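Protein chains: 2
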Amino acid sequence: MKKIPLPAIERLSNIYGLLEKLEKSGIKTVSSTQIGKNINATNATVRKDISYLSMPNVAGRDYDIAKLKKYIGQDLKLFQPRKACLIGLGRIGTAILAYEGFKEEGFEIAAGFDVSLNKIEMIVSQVSLHLIHELESIIGSKGIEIGIICTPPEAAQDIANKLVRAKIKGIINCTTAMVSVPEEVIIRNIDYTGYLRIVSALISQKK
Amino acid sequence: MKKIPLPAIERLSNIYGLLEKLEKSGIKTVSSTQIGKNINATNATVRKDISYLSMPNVAGRDYDIAKLKKYIGQDLKLFQPRKACLIGLGRIGTAILAYEGFKEEGFEIAAGFDVSLNKIEMIVSQVSLHLIHELESIIGSKGIEIGIICTPPEAAQDIANKLVRAKIKGIINCTTAMVSVPEEVIIRNIDYTGYLRIVSALISQKK
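Those protein sequence lines, which keep their order, are chains A and B. Note that my numbering gives residue 1223 to position 21 of the first sequence, counting from 1, and the numbers run on in steps of one. Note that my numbering gives residue 1370 to position 168 of the second sequence, counting from 1, and the numbers run on in steps of one.
Hints were generated in silico from the structure; no laboratory data involved. It is possible that part of the hints are untrue.
[Said to hold, decoys possible] The following label-pair restraints were derived from C-beta to C-beta distances:
no.: 1; chain 1: A; residue 1: S1327; chain 2: B; residue 2: A1300; range: 46 to 56 Å
no.: 2; chain 1: B; residue 1: K1369; chain 2: A; residue 2: E1336; range: 49 to 59 Å
no.: 3; chain 1: A; residue 1: R1367; chain 2: B; residue 2: P1258; range: 38 to 48 Å
no.: 4; chain 1: A; residue 1: G1303; chain 2: B; residue 2: P1207; range: 30 to 40 Å
no.: 5; chain 1: A; residue 1: A1357; chain 2: B; residue 2: K1285; range: 44 to 54 Å
no.: 6; chain 1: B; residue 1: D1264; chain 2: A; residue 2: Q1328; range: 43 to 53 Å
Predicted, not measured: the structure shown is a model, and the values here were computed from it. Just so it is clear, CB atoms sit at the ideal spot from N, CA and C, and this is done for glycine as well.
In isolation and in its complexed conformation, chain A is listed as follows (with noise of 0.2 Å):
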């Protein structure tokens, strides 16, 4: 299989997430312009994304949603268990922690932390919750391949220095601060005034 550039993979996991909802839609097949609108790409890119993977190609016609799923499943390694932590148990940190559809993505939250003994003690959860200093260790003694980050944004970069640290392979930072981490760490941020800013600017343009 050839090497994937990193903005199509990231472009092929929305393919991924689309193709999922419409599946459990019962639609069966989907185009290439269709999957461009949703994720906001030309359907060339879509196109040219899709080319990347090791499915046989489908020139010109629909793609079968069970079947493209798969190949960006497999070539993605995206059927592979990983486990993540959640950092910050504040109101979106325990949002997160009670949702219970990550798992039948093969994503298991592993282990809560805070700086707030109370907080540990009061949230109900079946996770495991831990004082922030056990944060290493129960990085290294579990396997956690993820940090989601959302705490306060001006601990984000102390906690995201800790994961580093760690030997953490991915952060998800959902606070407003700005977080740096070396080149091997991939990091995504979750900004809702992102998402805000890019409804008004295509809101603006429609006008």
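Dock chain B against the given chain A, drawing on the hints supplied.
Chain B only, in chain A's frame:
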């Protein structure tokens, strides 16, 4: 000004967010390569996107952050204040309600809605809170353009239909449900599973 393609608008919005964070860190200039790494695009794409702006060409040099930010903001009309409303006052909804950072970006959460009168009476907020049946009248009277859906997934499509009837221009769907809206309504999904998937795929590729 040329009409900017939609994927370029989305990337330029993300570039704006990045420039803002860099500016806050005291950084003055940035290269297209650095931008590309942060928004997950090639530097050729970044330069092409920036070429759509009304900004004079600065071939071969780093971009002045303040200047680039000004042109993106102007051309994408990001400086225009906009009102949004929140539907669903659970954990994520109330976290967004309490977030102070939207205002400095020109966004105002002008109303919150829930089905539970109890919640509306219990939640302490500067934002005026209402029962769902008031959604249409309040969107109209306050000039709200964007709806942020934070309800349980089962309710998301019904709320989206109500928002569309109220002539909303854009929707941010924070639920795991797939929501359909007419062509003229902008919609973006905030999907935590999707972010986990992207980070996982990128971790796999790195190995």
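Hint check:
Hint check: S1327 of chain A to A1300 of chain B, Cβ distance near 22 Å, so the stated range 46 to 56 Å is violated. The hint said 49 to 59 Å for the Cβ distance between K1369 of chain B and E1336 of chain A, and at roughly 51 Å that hint holds. As the Cβ distance of R1367 of chain A to P1258 of chain B is approximately 45 Å, the hint placing it in 38 to 48 Å holds. Checked against the given bound of 30 to 40 Å, the beta carbons of G1303 of chain A and P1207 of chain B, roughly 33 Å apart, stay inside it.
One distance hint, 44 to 54 Å for the beta-carbon pair A1357 of chain A and K1285 of chain B, is violated here, with the actual separation near 31 Å. Between D1264 of chain B and Q1328 of chain A, the C-beta spacing of about 49 Å keeps the proposed range 43 to 53 Å intact.
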